[in-house]
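A.B. asks: Sequence:
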Amino acid sequence: MAKTTNVKNSVTRAAKAATAATAARAEAQLRQASVRITAARVNVLAALLDAPRAFSHQDMQDAFTDMDRVTLYRALDCLIDAGLAHKIAGDDRVFRYSAGTEHAASPDPEVRHHQHGHFKCTRCAKVFCLDSIGEAGLLRDALEESLGKGFQSHDIEFTIKGWCADCAQ
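Counted from 1, the sequence shown has number 92 at position 92 by the UniProt record's numbering; the numbering is strictly sequential.
Since the hints were made in silico from the structure, they are not lab data. Cβ atoms here follow ideal geometry from the backbone N, Cα and C, with glycine treated the same way. You may find that some hints are simply not true.
[Stated by the list, open to error] Listed below are the simulated BS3-like cross-link pairs for lysine-lysine, each with C-alpha atoms no more than 27 angstroms apart in a straight line:
1) K126 with K161
2) K126 with K87
3) K87 with K161
[Said to hold, decoys possible] Derived CB-CB ranges, DEER-like:
4) Q32 with R93: 29 to 35 angstroms
5) F151 with V70: 36 to 42 angstroms
6) K149 with R123: 29 to 35 angstroms
7) T71 with R31: 30 to 36 angstroms
8) K87 with G148: 28 to 34 angstroms
9) Q58 with E27: 23 to 29 angstroms
10) R123 with G148: 38 to 44 angstroms
11) D91 with L147: 34 to 40 angstroms
12) A28 with P52: 18 to 24 angstroms
13) R31 with R74: 33 to 39 angstroms
14) R93 with R123: 15 to 21 angstroms
15) T19 with A125: 14 to 20 angstroms
16) A165 with D81: 29 to 35 angstroms
17) Q32 with Q58: 26 to 32 angstroms
Sequences and hints are given; from them, build the entire structure.
C.D. replies: What follows is the structure, given as structure tokens:
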């Protein structure tokens, strides 16, 4: 129960920490992606932008108690379609969501795909994006080196499992 409460508190803090500056940044990203701006989309994107890690739909639902499940799903799906967030499939069959703006500005829909890996803590189940080691160019080069010229990736999914800094202590 303490684990669930800690996750809920973490998401709630991220949702409440969405400052005016973060909300403005979320609105600007929605506008740049030519997405209709709604309060739900701004609030969800702002929470994801301020989040230190990926959150499940249930985590988000617990934080946004005034938002119904369908509205939250639609906001998340819209952000994913626009390349502003990404969905991470977990081996526990729970999807987690994270802000994913690294390719959102690209006009090419093929470049907007999810192009990095993740770290999952096997004790607390937190998921973190590995943007720096998952640089798309390096991963594409490794694919070409392993498989030969002509192979093209559009989604990259890899997960390193271990213990996060909090759990390793």
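A.B. asks: Next step is simple, just say for each hint if it's right about the structure.
C.D. replies: Evaluation of the provided hints:
1. K126 with K161: holds, 10 angstroms
2. K126 with K87: Holds, at roughly 14 angstroms.
3. K87 with K161: With Cα atoms ~18 angstroms apart, K87 and K161 stay inside 27 angstroms; holds.
4. Q32 with R93: 29 to 35 angstroms: Since the Cβ atoms of Q32 and R93 sit about 33 angstroms apart, the hinted range of 29 to 35 angstroms holds.
5. F151 with V70: 36 to 42 angstroms: holds, 39 angstroms
6. K149 with R123: 29 to 35 angstroms: violated, 42 angstroms
7. T71 with R31: 30 to 36 angstroms: violated, 20 angstroms
8. K87 with G148: 28 to 34 angstroms: holds, 30 angstroms
9. Q58 with E27: 23 to 29 angstroms: Given about 26 angstroms between the Cβ atoms, the range holds.
10. R123 with G148: 38 to 44 angstroms: holds, 39 angstroms
11. D91 with L147: 34 to 40 angstroms: Since the Cβ atoms of D91 and L147 sit about 25 angstroms apart, the hinted range of 34 to 40 angstroms is violated.
12. A28 with P52: 18 to 24 angstroms: Holds: the Cβ-Cβ distance is about 21 angstroms, inside 18 to 24 angstroms.
13. R31 with R74: 33 to 39 angstroms: violated, 19 angstroms
14. R93 with R123: 15 to 21 angstroms: Between R93 and R123, where Cβ atoms are some 18 angstroms apart, the hint holds.
15. T19 with A125: 14 to 20 angstroms: violated, 28 angstroms
16. A165 with D81: 29 to 35 angstroms: Holds: the Cβ-Cβ distance is about 33 angstroms, inside 29 to 35 angstroms.
17. Q32 with Q58: 26 to 32 angstroms: Given range 26 to 32 angstroms: holds, Cβ gap about 29 angstroms.
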